[in-house]
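J.: Sequence:
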Amino acid sequence: MATTETALKEIMTAIEGAVGVALVDYNSGMALGVLGGGPDLDLNVAAAGNTDVVRAKLRAMELLKLNDAIEDILITLSSQYHMIRPLTARSGKGLFLYLALDRGRANLAMARHQLKRIEADLEV
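Taking our numbering, the leading residue of the sequence shown gets 126, the next gets one more, and so forth.
Keep in mind the hints are simulated off the structure, nothing from the lab.
One thing to keep in mind: the hints can contain errors.
As the list claims (entries may be wrong) - Cut-off 27 Å, straight-line C-alpha distance, at most; resulting in silico cross-link-like pairs (BS3-like, lysine-lysine):
| hint | residue 1 | residue 2 |
| --- | --- | --- |
| 1 | K241 | K134 |
| 2 | K241 | K218 |
| 3 | K218 | K182 |
| 4 | K241 | K182 |
| 5 | K218 | K134 |
| 6 | K190 | K134 |
| 7 | K218 | K190 |
Claimed, not checked - Computed spacing ranges between beta-carbons, pair by pair:
| hint | residue 1 | residue 2 | range |
| --- | --- | --- | --- |
| 8 | K182 | H238 | 15 to 25 Å |
| 9 | G161 | L191 | 28 to 38 Å |
| 10 | M137 | A173 | 19 to 29 Å |
| 11 | K241 | A173 | 23 to 33 Å |
| 12 | G229 | A139 | 17 to 27 Å |
| 13 | L189 | K134 | 23 to 33 Å |
| 14 | D227 | M155 | 21 to 31 Å |
These numbers were taken from a predicted model, which means no experiment stands behind them.
Glycine residues also receive a C-beta, built at the ideal position from the N, C-alpha and C atoms.
Working from the sequences, and respecting the hints, build out all of it.
T.: Written as structure tokens, this is what we have:
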């Protein structure tokens with residue numbers, strides 16, 4: 126089982142094109158851990174903003190009476206991919222991983238695969 130710090134480091138090194146990553150509590154919008162980012166990507170602001178995305182999708186699923194779980198949410202920008210992956214382990218309830226990728230360097234399929242693998246090993 127990986128700690129938050131270990132998992133964030135592995136995401137940044139194992140996923141080609143990773144720009145920044147955060148572990149976020151979508152009940153509060155607070156980032157519990159961040160790594161990467163920079164002047165053009167404030168991960169704390171991104172964490173709070175993407176909390177609204179997760180909440181909106183959960184509300185929409187409830188209204189549609191979809192008895193399913195979010196595997197991931199993908200937002201494509203002209204220069205980046207933004208991935209949101211809610212944690213599935215019992216200890217991760219209410220948390221999600223947020224990953225920003227450089228679109229020119231990232232392999233989206235491999236990034237999704239690696240993020241899923243790392244998330245499965247994360248113990249919060």
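J.: Hints first: check each against the structure and report whether it holds.
T.: Hints, verified against the model:
{"no.": "1", "hint": "K241 x K134", "result": "holds, 15 Å"}
{"no.": "2", "hint": "K241 x K218", "result": "holds, 16 Å"}
{"no.": "3", "hint": "K218 x K182", "result": "holds, 16 Å"}
{"no.": "4", "hint": "K241 x K182", "result": "holds, 19 Å"}
{"no.": "5", "hint": "K218 x K134", "result": "holds, 21 Å"}
{"no.": "6", "hint": "K190 x K134", "result": "violated, 37 Å"}
{"no.": "7", "hint": "K218 x K190", "result": "holds, 20 Å"}
{"no.": "8", "hint": "K182 x H238: 15 to 25 Å", "result": "holds, 22 Å"}
{"no.": "9", "hint": "G161 x L191: 28 to 38 Å", "result": "holds, 33 Å"}
{"no.": "10", "hint": "M137 x A173: 19 to 29 Å", "result": "holds, 21 Å"}
{"no.": "11", "hint": "K241 x A173: 23 to 33 Å", "result": "holds, 24 Å"}
{"no.": "12", "hint": "G229 x A139: 17 to 27 Å", "result": "holds, 18 Å"}
{"no.": "13", "hint": "L189 x K134: 23 to 33 Å", "result": "violated, 38 Å"}
{"no.": "14", "hint": "D227 x M155: 21 to 31 Å", "result": "holds, 26 Å"}
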